[in-house]
Structure formats: structure tokens, C-alpha cells
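Number of protein chains: 2
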Amino acid sequence: MSIQVKAVSQAFHHQTILDNVSLTIEPEKIYGLLGRNGAGKSTLLNIISNRIFADHGTVTLDEQSMRDNDQTLGRIYLMSEVNLYPDRTKLNKLLDTTTQLYGDFDRPYAERLAKEFGLDLNARFGKLSTGYRTIFKLIVAFCVPADYIFLDEPVLGLDANHRELFYNELIETYSEKPRTFVISTHLIEEIANLIEHVFVLDHHQITVNGSVPDILERAYTISGSDHDVTTYTQGLNVIGADHLGGITAHYVYGPLQDDRPIPDTVKIEHLDLQKLFINLTNTKEEAHVN
Amino acid sequence: MSIQVKAVSQAFHHQTILDNVSLTIEPEKIYGLLGRNGAGKSTLLNIISNRIFADHGTVTLDEQSMRDNDQTLGRIYLMSEVNLYPDRTKLNKLLDTTTQLYGDFDRPYAERLAKEFGLDLNARFGKLSTGYRTIFKLIVAFCVPADYIFLDEPVLGLDANHRELFYNELIETYSEKPRTFVISTHLIEEIANLIEHVFVLDHHQITVNGSVPDILERAYTISGSDHDVTTYTQGLNVIGADHLGGITAHYVYGPLQDDRPIPDTVKIEHLDLQKLFINLTNTKEEAHVN
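Taken in order, these protein sequences are the chains called A and B. To convert, take the position in the first sequence, counting from 1, and add 528; that gives the working numbering. To convert, take the position in the second sequence, counting from 1, and add 528; that gives the working numbering.
Quick caveat, the hints were computed from the structure, so don't treat them as lab data. Since this is a predicted model, take the numbers as computed values, not measurements. A couple of the hints might just be wrong.
You can't tell identical chains apart in this list, so a pair holds if it fits in one copy or across any two.
Derived DSSO-like pairs (lysine-lysine); straight-line CA-CA distance at most 30 Å [what the hints assert, rightly or not]:
id	residue 1	residue 2
1	Lys803	Lys643
2	Lys655	Lys795
3	Lys705	Lys795
4	Lys803	Lys557
5	Lys795	Lys557
6	Lys655	Lys534
7	Lys621	Lys643
8	Lys655	Lys705
9	Lys618	Lys534
10	Lys618	Lys557
11	Lys643	Lys534
12	Lys803	Lys618
13	Lys705	Lys621
14	Lys643	Lys655
15	Lys643	Lys795
16	Lys621	Lys534
17	Lys621	Lys803
18	Lys795	Lys618
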């Protein structure tokens, strides 16, 4: 029981978007899919949910191909950044259509969520602000009877209050009816406590794939005087550094060497997920234009 | 020496946007302007920078009216969410025009920033992603010779790495050449350590106006068993509550009563700025449509 992505590669106009990506998505887990702008996250989500076909590689759900397979497709839902709804249609009407498409669409829950978020279901989609478009799409994603739900940029345009409401609703709906959520977002620290497992997509490849506690366990900030820090971190996997006043901080991902004495002036702490991500994916900037 | 906003009110289509807003913006300080979606932040920034005229009230800079006053206007710069640049024009050309408008535009700094953010100045504005449009507008805002710089949604579309780069650059340019920045953003926790002073705009009025340390000093989480917490917070200014399992948390804004005994089971901690903001502005949701 799982989604298996095997050796998926994709290019557009001779530019690599995904390069030999493999991963497994298990049932009833909450995942984070992290990557910089342009890393290929949306393309990967579109391939998994069969909206585009990969040049190479396969995606299966419970060992069945997803390609043109209505049975498997109905079990997957992608909430994407793209607005797929007609501007002039009222939200209530859009919910009617969704209910017809998905027999088990949870309409009462959708109406309750709309009330909580202050969304007027008599409004037309095109009249909504960016934040409320996101909210409407989130409501649909929470109410479809899918086993695997992919949320691409689920907090786009949301203020802090609505983001908190979304995180709380996610925990609640997940505990009432466990299913898989894969969340792709730039607000990493805000989801760090929600996700169990993280994928990092960097330079078109999966570079980190593991449970959040395991990953954070191996991530350190070593700070102190420049000389002592540099001496202590020699031979360790230093992924970044900061200097402020007389203090140096080295960010390390991987095991420390326990037999090495720690100088009194050196402080060792754990990194948070966002800071770890930034340092893992901070390479020399390339010009980037859409 | 300051910007004085006095009794500013504004309505659109008989709907109140700002209701009797007064505040002072001093030189060489970093401010946060916080408010929920639709609270009127952008309207206030547009009025201060003379892009729209208030129905009522005045805005002065060093006691001079800003209205149609070229001398004062050149000292203020607003980076707004709206894209004011023509799509087909190359960024280099846009910098040329800006340099002509502002004699002291810091072109070498603009070029250095473009390099750091990985922005190709030969690209056309219309070809940029949302994130890179924001980055270009930020670069212009950092390089104009204004004394008061207003940044409306400065991290829109930026990934975590670019947000960190922006925060670091802001600290650096501010310490090299102190001037005033007013930042309006929904990512409150990320700017909490950058800003000295905060304005909260809620229901069209300024409801919080003070230094960040002073405000956080008065903000508490009181947690423990439901009975003990409720007893302890009676008569205090409780602005919100959470319940998880058997634990209750009350959020308090204002003085505690020091003579009251604290039960052993009750824990008192300080709130962070984002959580404080959420609780101060969380009212019953109203339907909200653009």
C-alpha cells in the first residue's frame, strides 16, 4: 500500500526539471515536499497526480499504474496553485459539481469550514482575493474522499490567523480520518511540527528523504570563536556558516565525532528545519527567469 | 523630524477602510505594520506616500504637508504589491529610468544585490516569476535615496533562502546608512527580531502602537489544568484560549496581578509576536470578498 515514484525524469525545452526522482509515499502520513523556487516541486506533484506525463519513469499506486486508470486516480487529489475554476461561477455551484464528481464529497464539512474561514459560498470565484481563492481550494481538498492529498502552496496569500486555522484544521481532519497529505510550502518552520517525513528537491533531484526527527537529530549549529569553531568542525559536513561580530556559527549536517573534545567556548545546538533547508540548498545563485 | 499621520479616515463605496488613524513615524527606525487581510494596510501606505488622498485627516513630513510637495515626496518611497513596471522593458532600462528620477540612486549597490539574489538584469520585467518581481522591487527600494521606505509585502513569492537574504540585507543596509523602514507582512515571526516598533491595524483602527520589547513584555501564555488556569486569569485581559488534551492555555495581554498566588500546575510564559497578533485580531470571522 503506497505510491511509488520510480526513476522519474522530465525536461521542458531541453531544460531538466526532474532528474531520476524516486520516492515512496505511504498511507496515512503527513509529508513535506520542500524545494527552492524553480526546483521542480509543482512538476513532480503534477506527474504524481497524472496531470502531466513524465518523459521517463513510472508512478504506481498499490502497484497499479496510475496512467489512465480511473480507479487509482480517484484516490488522489492535487490542490494546485493554478486556478482551475471559472471566474463567474459561484462557489456553491462549484461545490455541487465537485459533489457530483466525487460521490463521497463531505459537503457538510465544506460548509462548516467555509463558515470558520469567513468564506461566503454565494460569492463568485473570480471575485475572491488570493487568500480566499486558496481557502476555497483548501476546503475542497479537505472534503474530497481521496486517500492521498497533495497541497501545493496551501497558505498562499493567507494571513497569520488563517494559516493557524489551516494548520489546526489539518491536524483535526487528519486525526478524525487519517489519510496522506503531502504539503509543498516555503513557510517551512510553520509546518515543521506537522510533518512526519520530509523530501527535499534540490537541483532536480531528491537530496533529503527521511523522518523529520531523524533529520533534525543530525543537524547542528556549532558556534563560538572563529578559531575554535573552525578547528572543531574540521572533517565534519559543514553546510553553511554565519559570522556576527566576533562569533562564528558553522552549520553541520551529519554525525559529530564524539571522541573530539569540545572547547569551553564552543556551543552545540540543534538547527531548526527551515535553517537546515536554507543551508542545504544555498548554492551560488544562478540567474532565474520564468 | 518625523512623519505625522493625523486623524486619517478613508472610505471606498461607503465602506470604511480607515477610521481616524493617527501615528508618528520617526527617522532611522524599523517599523512593522501588521494587520489581517483587508485591514487597510495598503490603503494607509498609499495615503502616507501620497498615491491616494485621504477623505479626512493630514499627513506631514517635518511639519510640511506632503500633498503636492515635491520636496517632501522625494524623501519617501513605497514598494507596493502592485506592479508599476511595463512588462516588455528590461530591468537594466528600468534602473536607468529610476536613476534619472532619483539623482542619488545607488546603481552599484543595485547591481551587487541583483547578483546576490541571482537576478538577471537583462531580463524583461514581464518574464519574471512572482518571487523575482518582488526581488526587483526590493532592490529598487534599497537603492533609492529616500529617508522613509515603505515595504508592502516584501517577501511575496520568496523562498526561505531569499527571505533570509532579504532580512540580512535589510540589517546591513540599515546599519550602513540608517533610515526608516516600515514593513507590512504576514510573516510576522520572521520580522519580529528586525522591527523596533509595531503598529497593529485592526478593524480600520490602530489598536496597538508601541515598542516590540514593551509589547512582548505584557504578553503571556498561562497554561495548565482548565480549572487552575481559569481561576488564575479571572479579571485579566484574556485575548484567546487553546485546549489540547487536558491542558488549557489562556493568552493574556496586559499586566498580571502579582499578589495573586500562582498554582503549582500553572505555567506562565511569554507569547511570541505572531501568536500575540493572531489572538489580538481573531474576531468572529466575517464574510470577506474583494
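Now for the hints, and whether the structure bears them out:
no. : hint            : result
1   : Lys803 x Lys643 : between (36 Å within a copy, 22 Å between copies)
2   : Lys655 x Lys795 : neither (53 Å within a copy, 46 Å between copies)
3   : Lys705 x Lys795 : neither (43 Å within a copy, 33 Å between copies)
4   : Lys803 x Lys557 : both (24 Å within a copy, 27 Å between copies)
5   : Lys795 x Lys557 : neither (35 Å within a copy, 32 Å between copies)
6   : Lys655 x Lys534 : neither (41 Å within a copy, 33 Å between copies)
7   : Lys621 x Lys643 : within (17 Å within a copy, 48 Å between copies)
8   : Lys655 x Lys705 : neither (32 Å within a copy, 43 Å between copies)
9   : Lys618 x Lys534 : neither (40 Å within a copy, 41 Å between copies)
10  : Lys618 x Lys557 : neither (33 Å within a copy, 46 Å between copies)
11  : Lys643 x Lys534 : neither (41 Å within a copy, 37 Å between copies)
12  : Lys803 x Lys618 : neither (42 Å within a copy, 34 Å between copies)
13  : Lys705 x Lys621 : within (26 Å within a copy, 55 Å between copies)
14  : Lys643 x Lys655 : within (18 Å within a copy, 38 Å between copies)
15  : Lys643 x Lys795 : neither (48 Å within a copy, 33 Å between copies)
16  : Lys621 x Lys534 : neither (39 Å within a copy, 46 Å between copies)
17  : Lys621 x Lys803 : neither (43 Å within a copy, 36 Å between copies)
18  : Lys795 x Lys618 : neither (57 Å within a copy, 48 Å between copies)
Consistency note: the structure conflicts with the earlier hints numbered 2, 3, 5, 6, 8, 9, 10, 11, 12, 15, 16, 17, 18.
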